[in-house]
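Trainee: Spelled out from the first residue to the last, the chains are:
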Amino acid sequence: MERQKAMLAGYFGELARARETGLKVVYTFVPGNLTELIRAAGALGVYPEVNALQSAMRQRSDGFVREAERLGHNEDVCSYVKCDIGMLAAGNIGPTGEKLPPPDLLLLSYTGCFTFMKWFELLQKEYGCEVAMLHVPYQADGRPTEEMRRYVAAQLEGEVIPKLEKVTGRKLDLDELASLLARSARAEDDLSWVLDSAKATPSPIDAYFGGVYYVGPIFTAFRGTEACEAYYRELREEVEARLARREGPVMPNGVLAEERFRLVIEGPPNWTHFRDFWRVFYDEGAVVVASTYTKVGGLYDDGFRHGRERDPLLSLADYCLGCYTNRSLPARSDLLASYVRDFHADGFVINSLKSCNSFSVGQLVMMREVEKKTGVPGGFIETDLVDPRYYSQANIKNRIESYLQMISQRKAGGVSSGA
Amino acid sequence: MGLFVGIDLGSTTSKAVVLDASERLLGRGLTNTRSNYDVAAAVARIEALDDARFTLIERTLGGSGAAPPTSALRRAWVVSHCVDRLRALGGRVAAIAESTGTASDGAAIRRLFERIEADADAVFGTLAEDRSRFFRDLASARFFADATDAAQRRELAYDVAAAAYDQAIVEVENSETPIGAEQRLERALGRAGLSASDRASLERAWRETEGALTVEAYVGTGYGRQRLPFPKEQIRSEILCHGLGAHALYPGTRTVLDIGGQDTKAIQLDEAGLVQNFQMNDRCAAGCGRYLGYIAEEMNLGLHELGPLALEATRAVKISSTCTVFAGVELRELLALGERRENILLGLHRAILLRAMSLLARSGGVRNELTFTGGVAKNVAVVRELKSLVGEHYGERTLNIHPDSIYTGALGAALFARRGGGESLPAPSRGKPKAAAAAARA
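Read top to bottom, the protein sequences are chains A and B.
Per the numbering used here, the first sequence starts with residue 1, numbered consecutively.
Per the numbering used here, the second sequence starts with residue 1, numbered consecutively.
Next up, chain B with everything else stripped away, as it sits in the complex:
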């Protein structure tokens, strides 16, 4: 069976989606892009293909009542991969801390990472199901919590540990773990705690899927798409991919808003998912995801904390600039004037959306359903404000937000891979609901 892979190299995250010939979703992979597009593309692709392999195994073994627990193996596979990265990370953090701090800082950090590894199942287990989170998020959350405790117990110098971590995580994310599939399988089988017979049938199924993992076509998209080692025909703009991906998820949608790391795009589609018109922000990334990232840093918050906090606002403070550079200044000014953090945050969220609304208007408005994609669609405050602004401007409209909207571009790219390029569109209509259903199921 041939596979079709779409890779979306975004400025913040890289995504890969694997489809089968019937456009059913088999696997997905996600990683932080940071500075290295090449590694990010490879990591996302490998993760997606691994994920696809488990889906195939499930399909092979599923159905019968006594099916072995593929999900346990999938989870162990993901966790053991995280453990590999955690070991690389721990080694680097300790080494850096030893050179910038003291030997005892290094030793404390090593002990700290050993404890995280012992809890690996609890820390990383969710990654097997929640395909929109990263190793970095989970590892960082745990590391900084533990490091804070350790610092309070005077076991290490917090600033040394934090600086070492920030440096090491970038290095680790930008390198691939040099562990082969066989070795990884061995470890995952060991970690999954399977019965001998389950283990044997899973191992057998694993080998049987080997031949099914032939990739027939790749299509790449996203900000870094020029870095992909693909011929020109296999590169599609993210506008077309987001359009087609959104259409696959919500066939009725005619308007798509995507707010990504450094691009905001408003796209109008026809009934077949073909792009009719689009507008993008200018080169300045004001009002894009990166802006929120910057605000989170300024406020010393996690990106995921911004939305919920903004919802606690009693009023939205008027923010005059969505400029990423000026935002920090304005933020500090408002805080100095005694303004509540929540109210400022709500104002910032609204500021982003006012820019997006202008792009939507430019592209032709919201015609029926609006599908909202991109990393920023995960932010609850943005979603609430978008709903109200769309209502104000265009009246009652359906707002679609898929839980896995982060994969929309990669899904579109994979559909292009399956359909042999933009010129052969539109595709057979039977393909669309399947992809939508599969994505919704996952």
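One chain only, chain A, in its complex shape:
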């Protein structure tokens, strides 16, 4: 945690000095991001969703969202967008208190969320900078075809890389890219091991509330760096030790004494009340053993690693295509059902977000599918990303407690149903 904080602080510092150091700045999004490519081009990445969630965790998103609404953005617009627009209006001071540099390039690397396009359209209007758009075909059949891979790689070659080169004024170093991808793969191996460790009982990690910290470096600007590789090596060693001691996960109030429930969670967390939201679970001894949100940047479950495909552009294409939100609803349901089974979960909970249609659409259908596949009832809660007005602690607590009591009654009832 401390290492991650230092990494983040260092990076935002680097961004604040970008104008002096002459480094170019690329704004891009987390799902299927092209971090290694940006780094190999010698530029710095800025991830607006991460800024928004960081602002929310620091209790600053409320003001930003309201500012954006004052500027005319509707209540129903994605709260990440409004938080970003509000932050921009307030001087573009980032979550760490340092000013964020304006973008030299807006790189839209994932088109599965249409709001992303509109978001960058707004930013383009504001900054008047270059835009590179990568069209990533949706995996309607659950997996990418060869044509899709080649289509994405061709866009990287013909659109994205030339734009990057134009902005940075230098030729992309393909050797540098390859070595970044190799380092990414090593970090990805370690992260996958860590997330897999939750199959143990008790789980040594919480794969959602803890998990969002674990995926922080790899889904943002750090993937491919030495610091990132070191972070995941250290994380893995720490979790290995905890596993050997049969210790539960570390919660905000210390190591969890007793694992009473094992849950799978679908959907991003609420960021404005992150600690309160987490407490609802750990107060009841509920540990999240697997989550789909920790796959939102990229999915490593089926063996994907950066650079494993020798052609670096195809490798990047595979990553873009494979991110969780680019999967069809049946593929997402299958993944959830496999988590419930493989991680021996007692239940699964869907956190549906008021302002994120691209995540929330179809979740009720998915819930029914997963129930059918696993025989485990799902719980359904509704919050939002960074708009605090859509989070109600009493409501969430009521719902989750009821759900867990039902699970525990089912467990007990299943045993004594012959009585």
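Hints were generated in silico from the structure; no laboratory data involved.
Treat the hints with care, as some may be off.
Stated by the list, open to error - Heads up, simulated SDA-like pairs for lysine to any residue below, C-alpha to C-alpha not over 25 angstroms straight-line:
1) A/Lys5 to A/Lys99
2) A/Lys372 to B/Gly252
3) A/Lys397 to B/Arg355
4) B/Lys232 to A/Arg275
5) A/Lys397 to B/Asn36
6) A/Lys372 to B/Tyr37
7) A/Lys397 to B/Tyr394
8) A/Lys397 to B/Gln226
9) A/Lys397 to B/Ala361
10) A/Lys373 to B/Gly365
11) A/Lys163 to A/Gly142
12) A/Lys397 to B/Asn368
13) A/Lys397 to A/Glu259
14) A/Lys373 to B/Asn368
15) A/Lys397 to B/Leu359
16) B/Lys232 to A/Pro202
17) A/Lys373 to B/Tyr394
18) B/Lys232 to A/Asp346
19) A/Lys373 to B/Arg362
20) A/Lys372 to B/Leu359
21) A/Lys372 to B/Ala217
22) A/Lys397 to B/Arg227
23) A/Lys397 to B/Glu233
24) B/Lys232 to A/Ala412
25) A/Lys199 to A/Phe304
26) B/Lys232 to A/Ala257
27) A/Lys397 to B/Gly252
28) A/Lys411 to B/Asn36
29) A/Lys397 to B/Phe230
30) A/Lys397 to B/Leu228
31) B/Lys232 to A/Leu23
32) A/Lys99 to A/Arg150
33) A/Lys373 to B/Arg367
34) A/Lys411 to B/Gly365
35) B/Lys232 to A/Ser392
36) A/Lys166 to A/Leu23
Following the hints, position chain B against chain A.
Mentor: Showing chain B alone in chain A's frame:
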């Protein structure tokens, strides 16, 4: 004999149910929650225990041909308690009216309350039998009728009296009457008009039941359950309690729909009353009981008048929003367009049910019988529309609505108290029909 108490602290009403060790229903208590959960819990619990005491007295004295009229004492007990609250209320209303209006407003209000008190038996007597009504409903109905008359006779300023009443009733409901049981018994005995021998045997029975009123276990549930001074093991979610309560009332039911003040829940049960799945509305209370309350206020009607009026509709107006905030706007718009009040009301009732139907579908549909609980189950228009919508979606299904469905959650909680918590379920099957029979009898 040990008693088992379930308390359901709802957002609108608080309920308590008392069972004996054989899971037979002994007593029930009900009060408005308003803003104070602590007082509401205490009032409901005390009422239920008092009610249980009379049931025990009836059991002790009943049977023999010359049994003294316990029911007369029970009724007098309830009425004299209402009189205590009425006096507190009258004093407050008059005092507020004196400060906001004139001294003569205050004096007129005092006279008005004296007249209500003189009619106390007629005004409040039904509360002893009808355990799903409140002091507030009855006192308010009478007060506003009398105040309207008095205003027409120019004895008081209606707006002053009404505003004072609205403020005072909240204060009175949120405070407990500081009158001890002995003093209350004395008054009730006086009011019941008993013969000397009846009075003596009732007094004796009263003392004898003293020792029987030991509460062995409490379980709390409902929206305000965290406020109950119980350890965590004695708190159950209302989902489990409604499920178990509904199962006790209708052992065959597999699906329960509860529409309460600010929650709508669709619950699926197994054959033992264990919850298999459930769905609830989101944090927004659109389409819940509170919505109807708001509509009633907007239309200047009593909550109980909405359903019957809606039944007089010739068609249902399409309502686009079940949002409690927007409902008022839409309502005024439709009225301004000349739409009949009845037709709008029917549309509003349907809108609520469309939301409930979606929760039912989410939770797994209606499998066999549907048991409908919660305050909204009292609304005749909602019931009629629910029946037709369930028929449309799932075919012919039995719809169970218990006259005392408001107590379902508290009954479930009391059953949990008796059975020592969720983990020890299912209970011996002999317990269930008894509770059901007892509730049906009451």
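Trainee: Of the numbered hints stated earlier in the document, which are not met by this structure?
Mentor: Hints 6, 7, 11, 12, 21, 27, 28, 31, 32 not satisfied by this model.
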